[in-house]
Structure formats: structure tokens, C-alpha cells
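*Asks:* As a plain string of letters, each chain reads:
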Amino acid sequence: MRMHQLFTPALFAATLAVVPAIADDSDAWFESRSVLTQQTGEGIYKAVCASCHMPDGQGATGAASYPALADNPTLEYPEYAVMLTLHGQAAMPPLRGVLDDEQIAEVVNYIRTSFGNDYPDDPATPEMVSQTR
Amino acid sequence: MVGAAGGAAAMYQAMGMMGVAHASPYDGPIQLERAPEGTKVLVLGAGIAGMIAAMELRDAGYEVEVLEFRDVAGGRCWTMRAGDTYEELGGFTQTVDFAEGNYFNPGPWRVPYNHYGILDYCRRLGVELEPLIQINNHAYVHSVDAFDGKPVRYREINADFRGHISDLLSKVTDQGALDQVLSDEDKENLLAGLRTFGALNSDNAYVSGNDASSRRGYERPPGGGVDGAPIANEILDLSTLLDSGLWSRLATSEALNGSMPIFQPKGGMDMIARAMADNLGDLVRYRKRVTQIRQDDDGVSVTYEDLENDGAEGTTSADYCVCTIPFSILSQIDHDFSGPLSNVIQTMHYAASIKVGLEFKRRFWEEDEHIYGGTTYTDLPISQISYPSNDYLSDKPGVVLGAYSWGALAYQYSSIEPEDRVRRTVEWGSQIHPQMPEEFKAGVSVAWHRVPWTLGCYGLWQDKDAQYDDAVAMDRRIVCAGEHLSYLPAWMEGAVLSSLDAIRRLNETAIAAAGE
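First to last, the protein sequences are chains A and B. Heads up, the first sequence is in our numbering, so the first residue is 1 and it goes up one at a time. Heads up, the second sequence is in our numbering, so the first residue is 1 and it goes up one at a time.
I should point out that these hints are in silico values taken from the structure, not numbers from a laboratory. Predicted model only: the values in this text are computed from it and were never measured. One thing to keep in mind: the hints can contain errors.
Said to hold, decoys possible - A partial selection of chain B residues facing chain A, derived with a Cβ cut-off under 7 Å: (1) S342; (2) H349; (3) Q384; (4) A408; (5) Q412; (6) S414; (7) P418; (8) H449.
For every residue, glycine included, the Cβ atom is placed at its ideal position computed from N, Cα and C.
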């Protein structure tokens with residue numbers, strides 16, 4: 001694969017904008033001891049969010065509950081989810097140390113368009129995350 | 001004259017004050033003033049903190065009632081045994097398929113010698129302890145990037161690192177680089193110390209030979225008869241050693257809370273919880289899920305869901321309350337705590353942590369590799385392997401702590417299914433012990449974020465320095481206690497010390513109020 005040598009920097013940037021960077025990062029697990037290395041929203045969800053909110057987004061209940069993310073109207077706007085992911089709240093740990101701005105934007109947008117949520121408009125951006133960080 | 005007047009114990013205490021001996025915050029069994037007649041305390045949670053509060057307050061004459069969410073006591077002081085079933089959040093269920101008598105401690109697994117409080121309760125309750133081998137010179141240190149991913153004996157890295165730094169410091173001393181700070185006598189003493197510390201030869205050099213091998217091991221160990229003479233092995237050269245990074249593991253077991261001697265209860269950590277629960281008997285009411293906590297001038301009132309009775313609502317009341325419910329749970333309970341305490345409850349999250357217990361048909365680490373207890377450290381996602389400190393040399397399956405990780409690794413481990421955690425753990429572990437896949441018998445994992453009664457491993461503060469006083473302060477008739485409200489987080493000793501301090505203040509408050 002020496003294809004990239006054919007691109008000029010400008011062309012390369014344009015290509016990045018239309019093609020998802022990585023379609024499947026199911027192999028990008030346990031690559032670092034200190035941060036999450038998955039890059040797709042789905043990959044990040046499965047690697048960290050699923051531990052508490054569960055693989056199907058339904059949450060769980062024991063002595064207390066992890067809220068369901070499925071069909072969750074608090075996800076209508078991205079700011080709340082970005083804030084919670086960065087800084088945590090109650091039992092929710094702050095994830096700012098293990099996820100970067102791009103990863104948080106990706107995973108928030110994934111959750112807002114999955115599990116019965118249909119909020120494709122006004123997506124979270126790395127800039128938004130950076131300002132909230 | 002303290003010795004003559006107050007006996008040896010008083011003299012020892014005086015020595016502690018002078019800094020001769022290190023005094024612990026635990027200063028012996030708590031002495032509470034007798035409870036005001038007819039005063040009741042409600043204890044929420046039957047973990048270590050809750051049960052200690054309940055035992056001591058009962059003994060001081062309080063009427064005590066304990067509410068516990070689970071059907072057993074102990075909280076995180078927990079042991080999984082053959083035949084146990086564990087359902088984590090999300091409904092993933094594991095059955096512990098160990099041999100009879102084998103067990104795994106998914107929470108606390110060690111009691112350090114300097115945790116005087118929990119040790120004293122073990123003594124008073126007759127919980128039998130045995131030594132746990134924390135550091136084993138013959139276990140391994142391992143990095144996927146060093147020595148082609150082959151594990152190296154801890155002993156070799158330790159001896160070579162000490163040897164080389166002693167050698168370097170000797171050279172520097174001889175070359176006069178320390179003349180500004182050391183007298184000639186100092187230098188003589190330093191060189192003598194370095195020869196001993198680093199196993200240097202008579203020329204103050206660390207080189208391959210019997211001096212070094214007496215620390216790091218031999219090519220052919222000393223024997224008897226023909227060919228009894230030892231043959232030294234080769235030390236690692238300094239650059240190779242430094243480049244390996246394995247020296248980073250050497251101080252792991254020197255921290256005050258993780259060094260030898262360190263103990264484990266015989267038969268499993270929950271022997272401590274069982275002894276406490278037996279002591280309390282029917283004062284503990286199990287399967288009560290607290291849903292509301294209220295207090296006013298007259299007392300404390302708690303509403304719960306009675307899981308014993310189809311979730312029917314129940315209420316109970318008392319004059320005072322010790323609340324040991326983890327803040328991860330308490331943040332979802334309807335309460336009327338003060339603003340500052342509520343703020344701490346609302347901002348404390350609990351750490352991600354994973355432990356995987358693996359049972360093997362054969363104790364290959366002992367039989368093949370001569371490792372008896374202790375810990376192998378690795379930069380694989382499993383972080384460490386801890387070998388059992390019991391049943392040495394026995395001809396029966398043994399249980400190894402196959403993974404114990406935190407942070408980003410624990411998040412990922414927690415997110416996958418229990419079978420997958422065990423499968424991956426065996427796979428990673430086999431890079432150190434190739435026998436693992438062949439000898440594997442059974443495995444269990446506990447991902448602490450999925451533990452239904454804690455939602456995490458231990459309490460992490462948003463700003464401990466700023467928030468601590470607000471959180472430990474008694475809030476009118478209620479005081480909170482547990483490891484999260486101590487400077488020994490995640491340790492049972494933190495729960496003990498927090499609880500004793502909480503009930504001391506509760507007792508003072510109750511007596512003062514009764515005297516008004």
C-alpha cells in the first residue's frame with residue numbers, strides 16, 4: 001500500500017472528510033494500559049460504556065441503577081452527554097483521562113443515533129468537547 | 001520513669017511519641033461511654049464498617065438494628081467458593097466450578113501487618129490468619145517488549161539493578177566526584193555498604209561470578225559430590241537492564257501497605273465477615289434495600305424495599321444512624337443530608353477494577369517453576385499473576401489470581417462477558433506460563449463496576465482535600481462511614497478506622513443530647 005504517496009496533502013484532507021477514518025476497530029482492544037484506543041463510536045461504546053450501561057444500552061439495576069441510554073430523551077442535545085462523559089456525575093466516572101476529544105465526540109454521536117435514539121442533528125464535535133473539558 | 005510507673009505498654013507508647021516506634025491511628029479496643037438508656041442506632045450496610053459499628057455500639061448498650069441489601073454480610077469482604085453462583089449487573093451469571101475447598105477473593109485479599117485495627121478484630125473474633133507471600137524472588141517480572149517477551153526472575157533483575165547502581169556509585173566515589181559532600185571516612189563506609197548492598201567483588205565491581213550469583217542465581221547451583229561446585233551465570237549488562245524497563249517493578253512491594261509480612265485469613269477473606277455476622281446474629285436484617293433516609297428533631301426514619309417479602313415497603317426508625325452505604329449507591333437514595341455532604345455524595349465515583357481467578361488442574365508454577373506464592377508483574381493487560389499462599393506442594397488444583405487491573409484496562413475487561421474475560425486472561429497468562437491452556441480447569445471474574453451492591457471498587461473523590469471534612473462530619477443524627485471516608489481507601493483498615501471514629505462521635509453526641 002503506497003497509495004498515500006499519490007495524494008497531495010489537500011487531497012488527503014478532503015478524502016478524510018468523506019470517508020470514515022476506521023470502519024471497524026474491534027481489534028483495537030487493550031492496546032494501552034492508560035487510555036482507550038478504539039476510534040469509532042461503536043468501538044468506544046463497546047469498550048467502556050458497555051461495562052455499566054450494558055451492550056444493548058438498557059442499563060442495569062442492583063442496589064442502585066445505571067440508567068438506560070436506550071430511548072433516552074436527555075440525549076436530544078449533545079452538550080449534556082459530553083459534559084457527563086468528561087466530568088462524570090455520581091457513580092458515573094469522569095472519562096476525560098482515558099478518552100480524547102475526538103473519541104468523546106464519536107461515542108456521544110454514536111449513542112445519540114443508536115439504541116432507539118434518533119438525534120443525528122447538531123452532532124458533538126471535538127471542538128465542543130475541548131471547550132467543555 | 002514511665003517504664004516503672006506505667007509498665008511496658010506505657011513505655012512503648014511513650015517511645016512512639018518520641019518517634020522511636022511508629023504508632024498507628026488504631027490504639028486498641030474502643031472505649032465508648034455507656035449508651036443513654038433506650039437509645040437506638042440504625043446501621044445501614046453490613047460490610048466491615050457497618051458490622052464494627054454495630055458490634056461496638058451494641059456492646060456499649062445501644063439497641064442496634066442493621067439493614068443489609070444482600071443475603072449475606074461482608075460487602076466487598078467477599079469470597080467465592082466452589083458451587084457459588086454470582087450474577088453481575090446485566091444478568092451475566094457465573095458459577096464457580098472450583099474443586100472443593102478452593103476459593104477466590106475478588107475484593108480485599110491481604111491484611112498488612114500495620115493495619116492494627118482489622119488485625120485486632122481478627123484476634124478478638126478468632127479469625128485465623130496465615131502469611132500471604134507478596135514478593136517472591138523466584139517469581140517473574142515480564143514485559144512484552146523486553147527479552148523477546150520472555151519472563152525474567154525477579155531475583156535477577158533485583159540483583160543486577162542493585163549491583164550495577166552500587167558499582168556506578170563506587171566508581172564515582174573513587175573518582176572523587178563526591179568529595180564535596182563526603183569525608184574520607186564517609187566514603188569508606190559508603191563503599192563498604194555498597195559492596196554488601198550490591199554484591200560487589202573486592203574491587204567494588206559488579207561482575208559475573210560467585211558474588212553476583214549468590215544473589216541472582218547460578219548457571220549450575222551449588223550441589224554435592226561430583227560436579228558439586230557451582231558455576232556462576234552471566235549478569236545482564238547495564239544497558240540491556242536499563243532498556244528492559246523491568247527495574248520499574250522493583251519497589252512495587254515496598255509500600256507500607258503492601259510489604260511483608262502480610263496476611264490472609266485461612267479459607268478466604270470472608271472469614272472475617274462471617275465472624276462478625278455470627279457475632280451480630282439476628283441484629284442484621286438481610287435483603288432490605290434502602291430507598292429513603294429522613295431525619296428530624298426526634299430521630300431517623302428509613303424506608304426500605306423488603307426483598308424478602310416481594311419488595312413490600314417497610315420503615316424503621318432510630319435515634320441515630322450510621323450510614324455505610326457506598327456513595328455510588330447513596331447518590332440514588334432519597335435522602336435529606338446537608339448540602340455539603342450531599343455534594344460529596346453526588347460527586348464521588350467508584351474505581352474500575354477487575355480481578356480474574358483461574359483454577360488449574362495442577363500446580364505447575366510450583367512443580368515446574370518452583371514458585372511458591374508471591375507475584376509476577378507484567379505489562380500485559382492482566383498486570384499481575386499472584387500464586388496461592390496456601391496448600392503448597394499439594395496434589396490438587398490451585399487457584400491463581402490471573403489478572404488484577406485498573407483504569408483503562410479494567411474498563412475494557414468489565415465491558416466484555418465473563419467467559420471472554422477468562423479466555424483472554426488464560427491467553428495472556430500463557431505468554432508467561434505456557435502450561436496455562438493445557439492445565440486450565442475453571443475461571444471466575446469480578447468486574448467491580450458490575451457488582452450490584454457497590455457499582456465500583458472504591459470511592460474516588462472529586463477534591464478530597466476540600467471535601468473531606470464535610471463528608472466525615474456528623475450530619476445531625478447521621479454519620480457516614482466506610483473505606484471511602486478514610487485516608488486508607490480500598491483497604492479494610494480504612495473502613496475500620498472510619499467506623500470507629502464515626503461511632504466515637506455518635507456516642508458523644510448521644511450522651512450530650514441525653515444530658516440536655
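*Asks:* All hints, please: hold or fail.
*Replies:* Here's how the hints hold up against the structure:
{"no.": "1", "hint": "S342", "result": "violated, 11 Å"}
{"no.": "2", "hint": "H349", "result": "holds, 4 Å"}
{"no.": "3", "hint": "Q384", "result": "violated, 12 Å"}
{"no.": "4", "hint": "A408", "result": "holds, 5 Å"}
{"no.": "5", "hint": "Q412", "result": "holds, 5 Å"}
{"no.": "6", "hint": "S414", "result": "holds, 4 Å"}
{"no.": "7", "hint": "P418", "result": "violated, 12 Å"}
{"no.": "8", "hint": "H449", "result": "holds, 5 Å"}
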